[in-house]
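**Q** Using the sequences provided together with the hints, build the complete structure.
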Amino acid sequence: MAENSNEMILQVGRNIQEKAALVWSVADDLVGAFKPHEYGLVVLPMAVIKRFHDCLLPTQEKVLETYGKVRELAVKDGFLKKASGYQFYNTSKFTFKTLVADPENIEDNFKAYLNGFSDNVQDILARMDFQAQINRMVEGGLLYQVISDFNSDKADFSPENVAAVDMGYIFENLVQRFSESYNEEAGAHFTSRDIIYLMCDLLVAGDNNAFEEDGFSKTVYDMTMGTSQMLTCMEERLKALDADADINVFGQEFNPFTFGIAKADMLIR
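Position in the sequence shown counted from 1, then plus 4, gives you this note's numbering.
The reader is advised that the hints may include incorrect statements.
[Said to hold, decoys possible] Restricting the straight-line Cα-Cα distance to at most 27 angstroms, the calculated cross-link-like pairs of lysine-lysine (DSS-like) are:
no.	residue 1	residue 2
1	K54	K85
2	K243	K85
3	K97	K158
4	K158	K54
5	K86	K101
6	K222	K243
7	K66	K39
8	K115	K158
9	K243	K66
10	K267	K222
11	K101	K85
12	K39	K115
13	K267	K80
14	K39	K86
15	K54	K267
16	K97	K85
17	K97	K243
18	K86	K73
19	K115	K80
20	K86	K66
21	K39	K54
22	K267	K158
23	K97	K54
24	K115	K267
25	K222	K158
26	K97	K73
27	K54	K115
28	K86	K97
29	K267	K243
30	K115	K101
Since the hints were derived computationally from the structure, they do not count as laboratory data. Remember, predicted model here, so these are calculated numbers, not experimental data.
**A** This is the structure we're talking about:
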C-alpha cells in the first residue's frame, strides 16, 4: 500500500514538472523584450489568469445572463459568484479563443477581458503589477503570441485536467524557475508534498480522539506561506483522514507577488 502511495506521489510530481516546463516554455516568446529574470513577471500572472479562465468557462453564459439581470444593482457579487460556481467571476464576453480570433484588437480586448474580473481577482493582478507587463508586451509586439500560447493544449488548466492541489504545485514550480532566473537558491524554502503529509500525520498522531467525535475541526496557520502549498496539502491530508472534518486555513506572506499567487490558489479551491 505504501509503495503504491509513493509511486502515485512520484507520478503526480512528474506530471506537475512536465506541465510547468511546458508553461515556462512560453518564456521563449519573451527573449529580447524581457530579461531572463523577468520572464516570471509574465508567465506567472498569465498562468493564474488562464486557470481562472478555464475554471469559469463552463459557466460563462450563465454569468453573462445573470449579469444582464443584476448589473444595475448596488450589490451584485453574490448573484454572480453563485452563477459562476466560484468565489470570483468574469462579466466579459471574451474567452482566450475569441481573443486570438481578433489579432488586430488584441490589446483592447484583452484589457476588457481582465476588467471583467471580480474585484478579488483585480487585486491579485494589481499585486503582480501585471498592467506594466502588458504594456511592455504591447511595445514589443508580443501580446498576441503570448495569449496564443496560453490558448494551446499545453496551458489547459481546466479543473478536469489539473486538480486544485496540483495547480498549486505548478504555481510553486513556476516560482522556483522564476527564482532560478534571479540566481536565487531555488527550492530553499520549498517543502515537498510527501513531507507535508508526514508533518500532518505527526501533528494529529498525538491526539487519540482527533477523529472520534462528530464535528472534528482543525485550524492550520502558516505565517510564511509563500504560495500557500503547505496549507493546501495540510487541508488535503486532513480531509483524507476525515472527509467530514471542518478545516480552516490561514496564512500571511510578505512578498506581494507570491501573495497574489497564494490568493489565486485559495480562490480557485
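**Q** For each hint, tell me whether it holds in the structure or not.
**A** These are the hints, each one checked on the structure:
no.: 1; hint: K54 x K85; in the structure: 18 angstroms, holds
no.: 2; hint: K243 x K85; in the structure: 25 angstroms, holds
no.: 3; hint: K97 x K158; in the structure: 23 angstroms, holds
no.: 4; hint: K158 x K54; in the structure: 11 angstroms, holds
no.: 5; hint: K86 x K101; in the structure: 25 angstroms, holds
no.: 6; hint: K222 x K243; in the structure: 10 angstroms, holds
no.: 7; hint: K66 x K39; in the structure: 41 angstroms, violated
no.: 8; hint: K115 x K158; in the structure: 23 angstroms, holds
no.: 9; hint: K243 x K66; in the structure: 31 angstroms, violated
no.: 10; hint: K267 x K222; in the structure: 21 angstroms, holds
no.: 11; hint: K101 x K85; in the structure: 23 angstroms, holds
no.: 12; hint: K39 x K115; in the structure: 24 angstroms, holds
no.: 13; hint: K267 x K80; in the structure: 22 angstroms, holds
no.: 14; hint: K39 x K86; in the structure: 42 angstroms, violated
no.: 15; hint: K54 x K267; in the structure: 15 angstroms, holds
no.: 16; hint: K97 x K85; in the structure: 16 angstroms, holds
no.: 17; hint: K97 x K243; in the structure: 37 angstroms, violated
no.: 18; hint: K86 x K73; in the structure: 14 angstroms, holds
no.: 19; hint: K115 x K80; in the structure: 22 angstroms, holds
no.: 20; hint: K86 x K66; in the structure: 10 angstroms, holds
no.: 21; hint: K39 x K54; in the structure: 23 angstroms, holds
no.: 22; hint: K267 x K158; in the structure: 23 angstroms, holds
no.: 23; hint: K97 x K54; in the structure: 15 angstroms, holds
no.: 24; hint: K115 x K267; in the structure: 21 angstroms, holds
no.: 25; hint: K222 x K158; in the structure: 37 angstroms, violated
no.: 26; hint: K97 x K73; in the structure: 15 angstroms, holds
no.: 27; hint: K54 x K115; in the structure: 14 angstroms, holds
no.: 28; hint: K86 x K97; in the structure: 18 angstroms, holds
no.: 29; hint: K267 x K243; in the structure: 21 angstroms, holds
no.: 30; hint: K115 x K101; in the structure: 15 angstroms, holds
Hint compliance for this structure: hints 7, 9, 14, 17 and 25 are broken, all remaining hints hold.
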